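Q: Here is how the chains run, residue by residue.
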Amino acid sequence: MLKNYLKIAWAVLQRRKFFTFISLFGISFTLMVLMVVTSLFDHVFGPQMPERESDRLLFVNNLREQFKNDGMSSGPPSYYFLDRYVRSLKTPENISINSIFTTVNSYVNNKKLTLDLKFTDEAFWEILEFNFLEGRPFSAQEVANATRVAVINQNTRKSYFGDKEAVGQYIEVDQVKYKVIGVVKDVPALRLHSYADLWVPITLKSQDFKRTSLRGSYFATIKAKKASDVPKIKDEYGQMMQQLNKQVSKEDKEVHSYADNIFGTFARSFLGGGTKDKSTFLYMILAGAAFLFMLLPTINLVNINISRIMERSSEIGVRKAFGASSKTIIGQFVVENIFLTLLGGMLGFLISAGVLEIINNSGIIAYADLGLNLRVFAWGLLLCLVFGLVSGVYPAFKMSRLNAVEALKGGSK
Amino acid sequence: MIRHLFKLIWNQKKSNFLLITEIFFSFLVLFAVLSFGIYNYHNYTKPLGFTYDNVWQLWLNPQTDSTAHNLAVQRELIQRVKSFPEVEHASLSNSNTPFAFSQMNNNLSYGGKKDIQANVFNVQADYQKVLGLEVSQGRWFGPQDKASLHKPIVINQKLKEELFGDEEAIGKLLPINDSSQYAVIGVIDHYRSYSEFDPEEAAYFECINLDEEKSYFWNGLVMKVKPGAGVAFEEKMVRELSRIAKDWTIEVTTLEKMRQSKAKMTTVPMVALGLVCGFLVFNVALGLFGVLWYNINRRYAEIGLRRAIGASSKQIRNQFVGEVLVIATFGLLLGLLLAVQFPLLQVFQLSSAIYWESIAAAAFLIFLLATICAIYPSYQASKIYPAVALHEE
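Line by line, the protein sequences are chains A and B. The opening position of the first sequence corresponds to residue 1 in the UniProt record's numbering, with each subsequent residue numbered one higher. The opening position of the second sequence corresponds to residue 1 in the UniProt record's numbering, with each subsequent residue numbered one higher.
Watch out, some of these pointers could steer you wrong.
[Said to hold, decoys possible] Chain A side only, calculated, beta carbon under 10 Å to chain B, not exhaustive:
#1 4
#2 32
#3 48
#4 174
#5 297
#6 299
#7 307
#8 310
#9 314
#10 315
#11 349
If you're looking for bench data, these hints aren't it; they were derived computationally from the structure. Because the structure is a prediction, the values reported are computed rather than measured. Glycine included, each C-beta is placed from N, C-alpha and C at the ideal position.
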């Protein structure tokens with residue numbers, strides 16, 4: 001039965017080439033846009049190198065001090081706060097403290113390199129999974145001794161050393177020489193918590209450790225033992241903040257800070273004013289935007305489908321006259337339409353692979369490595385099915401109500 | 001004729017409903033994207049009020065908290081920068097240099113006008129020469145300001161209008177706090193430094209007095225270099241400055257680069273939106289074309305009959321193009337109901353001229369699209385021979 005439907009669908013597709021082109025064009029481009037957006041989303045929030053086990057990772061990147069006399073200060077927390085309060089949490093498996101990246105200059109062969117430098121501890125390398133091309137991360141010993149060693153990314157190796165091996169050589173940035181001990185694959189710039197061109201031991205910035213203000217320029221990355229521990233860590237974090245608020249209450253201020261996954265930190269800072277958890281709300285906004293975007297192509301497809309099905313009214317008349325129920329006819333057209341959307345979806349995949357390649361090469365996003373993976377593919381498939389179902393049901397329903405006699409006459413009002 | 005067309009479409013409103021919805025949504029999409037584009041274009045064409053070629057910028061980040069020490073180092077830094085033969089002029093500034101991501105605001109009051117928000121730019125007297133600012137009334141900061149009783153400020157035309165309206169601005173005093181006042185000494189026509197695509201905001205300049213300042217530190221340093229100064233000079237300068245300011249981080253960049261990265265923040269979303277919108281509209285156009293073609297084929301007999309009783313092929317063509325335009329008008333009217341709310345209710349604080357322009361442009365594009373889509377199928381319809389059509393029936 002299904003095979004027959006597919007055969008008919010194929011024959012119909014070949015009959016009116018222009019209509020087929022319009023349908024396929026609409027479907028494939030709509031899905032292409034959606035898939036590019038999904039891929040971007042996955043690139044920013046999904047589990048990607050080096051934050052591969054994203055369901056076990058939490059990030060602290062903001063601390064907000066609300067003063068009683070209306071003043072407010074918000075931004076990354078200080079080393080003091082992270083070291084004293086966050087590091088003392090019991091539930092996490094491991095905690096890394098690292099600085100926000102700063103831009104530094106390096107001059108090589110009369111050329112200027114602008115590099116992003118990040119100060120990190122040894123836990124950073126244990127929590128995150130970087131792809132080392134050569135060498136190794138720095139050890140606890142090197143961090144403790146504040147040794148001038150650096151891990152650089154592939155791009156920096158290329159522009160500073162050429163394509164030669166870099167481990168063992170020295171790189172000079174801002175008039176300081178570091179010995180290169182490792183080279184990693186480029187980390188996308190949108191991964192704010194891990195991204196840098198050059199990573200060096202955090203102890204080289206030890207003058208920051210003494211400052212006891214709560215606000216500063218550091219992030220923390222927390223890894224849970226298992227994904228189900230994440231809510232427990234959030235609870236413990238909340239309790240720790242409550243304790244802290246008791247201590248600072250005499251200074252007439254309230255302190256807010258949270259540990260979230262990447263999507264959560266984003267939603268909180270953009271929609272929650274830095275204090276409320278707005279992940280669900282942001283998901284709803286994104287779903288709404290996708291729906292609005294799909295609306296126009298869907299209506300268009302419905303319109304075309306109606307025209308196409310009208311042409312086949314005599315066929316439907318014959319089937320009805322031989323006893324096919326409305327249900328079977330609706331079923332047939334929905335199957336046909338899903339077949340069509342899947343075909344368009346496949347084309348969409350090919351086109352989006354090309355578009356992603358263009359975006360990667362254009363340099364709009366530094367070190368972008370957008371690609372189609374299984375997750376994006378699964379999302380695309382789901383979108384195809386929804387699209388096909390929505391745009392196929394209404395025309396099929398309209399057709400199934402055709403009067404057999406009139407349909408056989410070939411006319412319909 | 002036109003009334004007749006409306007009647008035809010109205011009678012068929014059920015089968016034309018989907019086409020009308022499609023036009024309606026296309027109009028809204030076009031309206032939104034065009035508003036965004038026209039808004040940015042309007043801003044882009046306004047004068048910036050300064051020139052940025054051969055202007056470099058330094059960010060200074062000291063490592064210690066001791067302001068007194070930092071200020072001493074900073075004084076040495078600016079002296080050294082000015083002494084390079086490649087540097088024409090240099091001035092300290094806050095972090096809100098042109099095209100930077102930081103903004104600083106202050107509220108000013110004058111007479112009945114309370115708390116007018118304005119951008120504050122703390123600069124040295126040489127800032128004018130670095131950026132080529134032109135003072136249209138009064139004067140820029142000079143040595144005589146050191147002795148003045150009030151703090152001198154130079155304001156832009158926009159702030160002048162907001163505070164004083166048509167009155168003369170020069171010499172007016174504005175309260176800072178209970179004990180001190182600003183004195184307006186000059187007006188410049190424009191200063192729009194945040195982004196090329198942002199509207200001009202009220203702004204004023206305050207003069208940095210390094211001899212008196214004890215507690216504040218300036219992160220920005222802008223300088224005009226001689227044409228041809230390149231990376232070699234940059235490296236030399238950074239090396240020398242690092243020797244004076246040990247352990248400081250010094251970032252160097254050019255205003256041209258800052259402008260480009262700032263412009264990207266607007267152009268990338270605009271191009272992405274434009275592409276998506278273009279695709280949607282093209283998609284709709286193809287759909288419209290297909291449906292019209294099919295509809296006209298279905299009305300073969302009707303056309304044959306009309307031709308047989310004497311309608312010319314031109315009349316047939318006009319009828320079909322007319323019908324499509326009437327459908328487009330229905331969709332447009334629905335969309336217009338929504339779109340006019342934007343200028344009427346002043347949503348998003350854009351000037352209503354921008355909304356009206358985008359409504360007009362969107363409507364024009366929709367009609368153009370509908371006409372293009374209708375021409376070919378209508379042409380086909382007009383080519384139908386009455387004898388053939390009636391014979392088939």
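Q: May I ask which of the numbered hints given earlier this structure violates, with the numbers listed in increasing order?
A: Violated hints (numbers, rising): 1, 3, 9, 10 and 11; every other hint is consistent with the structure.
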